[in-house]
Structure formats: C-alpha cells, structure tokens
Amino acid sequence: MYYNKNIYNIVLFIFLCGLSGQVEEKEPKTYFFGLIKIDSDSPYEDGYWLNKWFFSREFASPVNIVPIELRYGFGVTGKSKGSVASFGTKSFKDDPGKIRYDRDAVPISQGINNLYGTSIEFDMGLINIPSYTVGTSWINILTGISYRTSTLLFPAEIPGQDWGLINDNWNREAYFSPKLNEYLVTTHFQYQPFNNWYLNFRYGYGLASALFYSPDRTEQIWNQNLTGSGSSSAGAIGLRFVFDTGLNNRFTIGFDIRHSYTKIHRINDPEDITPITRFDLSNYGVYVSLSAFYGGRKTIGDKAKVDFYRRDYIEALKKFEQFIAKYPSHSNSHRAEKYIVDCEYKIPYKLMRQGLVLEETGKIKKALNMYQIAKSKVKNDTIADNMIDERIEQIALLWMIKAEEMLNKGNYITAYNLVKNVSIFSIKGKKEIRRFKSWVILGEGKQYQKLGFIGKAMEKYAEALELNNDLIYEIRSLQYKAGIQMAKLADEADEFEEIQLAIHSLETARDLAGGIGSKNEKLLVELKEKLEKLDNYKTRILIDQKMNQGRLELKRARSDRLEIGLTLPQVENLLGPPHEKILGNNGKDHDQQLWIYFMGQRSLQLSFHNFQLFKIEKL
Numbered sequence: 002m003y004y005n006k007n008i009y010n011i012v013l014f015i016f017l018c019g020l021s022g023q024v025e026e027k028e029p030k031t032y033f034f035g036l037i038k039i040d041s042d043s044p045y046e047d048g049y050w051l052n053k054w055f056f057s058r059e060f061a062s063p064v065n066i067v068p069i070e071l072r073y074g075f076g077v078t079g080k081s082k083g084s085v086a087s088f089g090t091k092s093f094k095d096d097p098g099k100i101r102y103d104r105d106a107v108p109i110s111q112g113i114n115n116l117y118g119t120s121i122e123f124d125m126g127l128i129n130i131p132s133y134t135v136g137t138s139w140i141n142i143l144t145g146i147s148y149r150t151s152t153l154l155f156p157a158e159i160p161g162q163d164w165g166l167i168n169d170n171w172n173r174e175a176y177f178s179p180k181l182n183e184y185l186v187t188t189h190f191q192y193q194p195f196n197n198w199y200l201n202f203r204y205g206y207g208l209a210s211a212l213f214y215s216p217d218r219t220e221q222i223w224n225q226n227l228t229g230s231g232s233s234s235a236g237a238i239g240l241r242f243v244f245d246t247g248l249n250n251r252f253t254i255g256f257d258i259r260h261s262y263t264k265i266h267r268i269n270d271p272e273d274i275t276p277i278t279r280f281d282l283s284n285y286g287v288y289v290s291l292s293a294f295y296g297g298r299k300t301i302g303d304k305a306k307v308d309f310y311r312r313d314y315i316e317a318l319k320k321f322e323q324f325i326a327k328y329p330s331h332s333n334s335h336r337a338e339k340y341i342v343d344c345e346y347k348i349p350y351k352l353m354r355q356g357l358v359l360e361e362t363g364k365i366k367k368a369l370n371m372y373q374i375a376k377s378k379v380k381n382d383t384i385a386d387n388m389i390d391e392r393i394e395q396i397a398l399l400w401m402i403k404a405e406e407m408l409n410k411g412n413y414i415t416a417y418n419l420v421k422n423v424s425i426f427s428i429k430g431k432k433e434i435r436r437f438k439s440w441v442i443l444g445e446g447k448q449y450q451k452l453g454f455i456g457k458a459m460e461k462y463a464e465a466l467e468l469n470n471d472l473i474y475e476i477r478s479l480q481y482k483a484g485i486q487m488a489k490l491a492d493e494a495d496e497f498e499e500i501q502l503a504i505h506s507l508e509t510a511r512d513l514a515g516g517i518g519s520k521n522e523k524l525l526v527e528l529k530e531k532l533e534k535l536d537n538y539k540t541r542i543l544i545d546q547k548m549n550q551g552r553l554e555l556k557r558a559r560s561d562r563l564e565i566g567l568t569l570p571q572v573e574n575l576l577g578p579p580h581e582k583i584l585g586n587n588g589k590d591h592d593q594q595l596w597i598y599f600m601g602q603r604s605l606q607l608s609f610h611n612f613q614l615f616k617i618e619k620l
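In this text, residue positions in the sequence shown follow the working numbering: the first is 2, and each later residue adds one.
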C-alpha cells in the first residue's frame, strides 16, 4: 500500500499526538454543575458486556453425552381455551372429537376433573452425534431413546347403559382411563449462553400402546384384553440449571413446558366390549427434570476471549492459538481465527502506547524494549511499523546526542558503549560506531604514551587513524611528542622492532616540526645504519605478516561464500574472529549479536538472530 508523503506525515503527527495525549490521566465527565461525575474511559474492549452476558461460552466444548434424564410432570388432556393472560385451572376443556365410536354410540362425557393426569419420562443414551462429525458446539444436538408412561387422575365413567341398547357386550360399569406407554426417538437442542443454565428444546416421535378400560376409578386396574396402539409425538421447551461439581460428570435440575399428541388408531377388542374405535390425546403439561451429562465445559478459547475484552491481547493471542491447536474442528474455530487477526493488529498499538507511557516517565530503556517488542509483532501494517520506527529513531537520536556529549568530555569508553547499544537497533549507531571506536583506541594510545610504552602507543595511533581520518592532526601531534620521547631512548634500542619504531618516531617528528636538531639527526643516521646490519630475515617476516594481513582483509571483503543463513561458527571459520562483537540487551542476549570487521576505511557489519546471519551491511 502506498501513501502520499504529505498525507502520511499528517497522519503520523495526529496519531503520535493522540497517543501522547492518552498518556495523561483523563478527567471524568461532569454533569449538573459537577454534582455527577462519570468516567467514560472503559478499561474493556467494546462489546465486553454483550459477550459476557450472551456469548461467554462461544468456544465451550460440546456436551458429548447425556446418559439419563428423568422427568416427572402434571398435564391435562383436552383442548385449550382462553388466552395466555387468563391461563389457569379452567384454561382447558374436553374435546368431544378426540374419541371416535362405532355406530351411534353416546360420547363419553368428561368434565374438567377428568382431564388431569401425571406422567414419568426417561431419556436414555443421548449422544451428541454432530459434535463427533463436524465438531459443532454453539448448540448441542443430542439424540437418544425416550420412554414415557402416563395415566389420568380421575377417569370418566363410560355410558354403559346407553351403549347396552346398541350392543349387550357394551353394557358394563367401566371408566375411560388411558394408560399410555410411549417409546420415542428423541432429540434435544441445547443452547447455553451462560455457564450455570441453558435452554433445552426437545422433540420426539415414536410408538405408543394403551390400556384404556378400568373397572375401578381408584384402584386403576385395567382390562388387559382391550388394548390400543399407534403413534406419538412430543415437543417441549425448558430450562436446565447446572450443578458444577468440578468433575467431568455434571448434573442439572430444570423444568419443561411440554405438549404431546398421541394417536391410538388401532384397537384390539376381541371380546367386543367397547364401541371406541380410536382416540387422539393432546396433552399439555409442566415437568420437573433431573439429568446428568458429560462435557460442555468452557475451554481455553473462552478464557482467551476474556483476556481479549480486558485488552490483554498478547495473552489472548497465545490462548486462541492453543485453542485452535486443541480444537481444530470446533464449529467456532473461524471466530477464534478472527480474534487472532484482531489481536495481531491491536498488540503493536497496545505495546506502543505502553512504550509512550514509559518514555514520558523517563524509563527510556524500558520504552525502547517495548517498542522493539511492538515492532516484532507488526504484521502487514505499514502505518504501525513506520510509527514504531519513528519512536525508535527518536530514542537513537537522543542517545547519539548523549554519546557526543560524553565524547567531548573525554568519556570515550562510555560514549562508545552507548553507541554500541544504539547500533543494535538503529542505522545511526551503525554508521557512527567506527568513529567512536577510534576515539577509544586513541585514548588507549594516550594512556600507553603517558606510561612510557611508546611502541604500544604508536600502534594504537595507527589503528585509530585507520578507523577515522579526521583524527590525523591530533594523532600527528601525539606522534611528534612520541618521537621526541623515543629519541631519548633510542641509544639503548638494539632490537629490530625497537630500532624501527625509533626511526619511524624521529622521521614523523621531523616531518611535523620541520626539523629535530643536529643531535637527533645524527642519532637518526646511526639508527638506520644499525638497522641495516640486522638480519634481513626479520624484515621479510614483517613484510610477510603485513601482506598476509592485507590478503586476509581482501578475502573478507571479496568472499562469495558469505551469505544469509550462516551460523556463528561458519562465519568465524570463513572470516575469522570479528574486531568487535556486540551482544543484544546490553550484552546479555547471546541470541542477538552484531559482528564488526574493520577493513581500511570501510567496515563489514554482520547481524545475527538466533545464532544465524540475517543481515549483511558494508559501511
């Protein structure tokens, strides 16, 4: 994505000003002349309360199995009347059309007291088949087998005398008392927005059998020779409250509002004792339930979402990634992936804001570390990347200014160490490290000269000058002083290196001052004659050493084998030990290193991460 430069600068300025403004503590809004104060700066992400109350179990594991659910209820058989607002004991009436008769039999007359009954239901082996196939969990769909048995509390007496006028076999005292046994295939739909309860929708369909003639109203003794069979369907909606014992198996208690419709359309009447040919029972009831189930617990994905809405994006990202790894086929895994994308986008801005807070409070090192972490978290966000770079470069500039101040005060080592730290994260430090290194070496040379180690001092001066040509006048002055100092010791020089150093010092001093006096000139001639008498072999050794050093530096500069991805030992075998080795995190992090090779007026800088070469720079 490309941006107009002026527009980008404006956006950058506005954003940084905005972030800086957020560092300051916000005053709460006041109303009614300050009598009411409301802090509108929420610590939570937008949508926190909505997700807490309605989607807190978005990534919960599915309920795998309900081994058993027991329901006991009270119901009424008939037709409803009136409205929901007037619901009560008189909200139902008998449906004369529910019983069908042979010929012109007089219908059974049922009052409201003959419509009420009780029932017991068992659901067994409910299995969440979709969870094992597609991993769904936003709604649990469990299928199993149900058994239901029901009876009426006060059955109605049949009009036996009236029926006897048609068929003598019908003339007997009996009661219409349906005892139903139903066997259903039942499916539960469970929706659980909260951890402690869930909505339960249930539907079942199956077969029914019935005994419906009883010679006694109270004893509930049924005629076993008169039976019926047919089909049955049932639906219910209810609530389940969860008792969390901390174990894998948990328990619920709840209630249902239930409706069933049973059709007994096959009557087995070998003795021809009733004119009833079929009956349909529509039942409305309220049930209390007890059940046990496995699964349905919150997962690390739900914990991740809590962290997200509390704006702990780093922790949320880690947990979302763990969730996807553990539940790759979860029905809401796509939602977790969206949260991951949001976390990856928000993390850099969150860290950058924390860095600004640290920067404002003077904790520059911690701020820099926060910016570096933020930069490592940026993914495909040019604006965030550039903003973080801007803050890092500001810190680099601040530290470079401090380094220059230390250099001017003669604190060469402190200044150089500061620049070394800057070089790890900024090109400013990488470009200036050579110059600051030269001042450190120059300081070492001065110390050697002060202690009388002229040879060592001259080596350091030459090394410093190789790194920084701007030091030529200061070094020449020091070399002149060293030459005069060396002249005093020249008479005692008898080793090849000592004589050569004395000659070099005197010649340098003569060149700088325009003369060294007749006495020193005579000494210079004598030293040259002494040098000629020494074994030329040593001279050749010295020349060979210089040539080998030159070849090594040329090899380092032209090596074609140096490439990204080489390990630390491989680079060292190829180029030898570096002249400078800088470790990350103030010398504590060996995973992050900067190796520097000085080659004439240039330097080769190699950056390593996790002990592998990832950047090559020639400065």
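Read the hints as simulated data drawn from the structure, not as lab findings. Certain hints may be false.
To be verified - In silico lysine to aspartate or glutamate, DMTMM-like type, Cα no more than 25 Å apart, as pairs:
(1) Lys619 / Glu573
(2) Lys367 / Glu391
(3) Lys351 / Glu405
Just so you know, these numbers come straight off a predicted model, no measurement behind them.
These are the hints, each one checked on the structure:
1. The suggested pairing of lysine 619 with glutamate 573 holds, with an alpha-carbon distance near 17 Å, which does not exceed 25 Å.
2. Taking the CA atoms of lysine 367 and glutamate 391, the gap is near 16 Å; set against the 25 Å cutoff, the hint holds.
3. Under the criterion of a C-alpha separation no larger than 25 Å, the hint pairing lysine 351 with glutamate 405 is inconsistent with the structure, at around 33 Å.
Hint 3 from the earlier list is the only one contradicted by this structure; the remaining hints agree with it.
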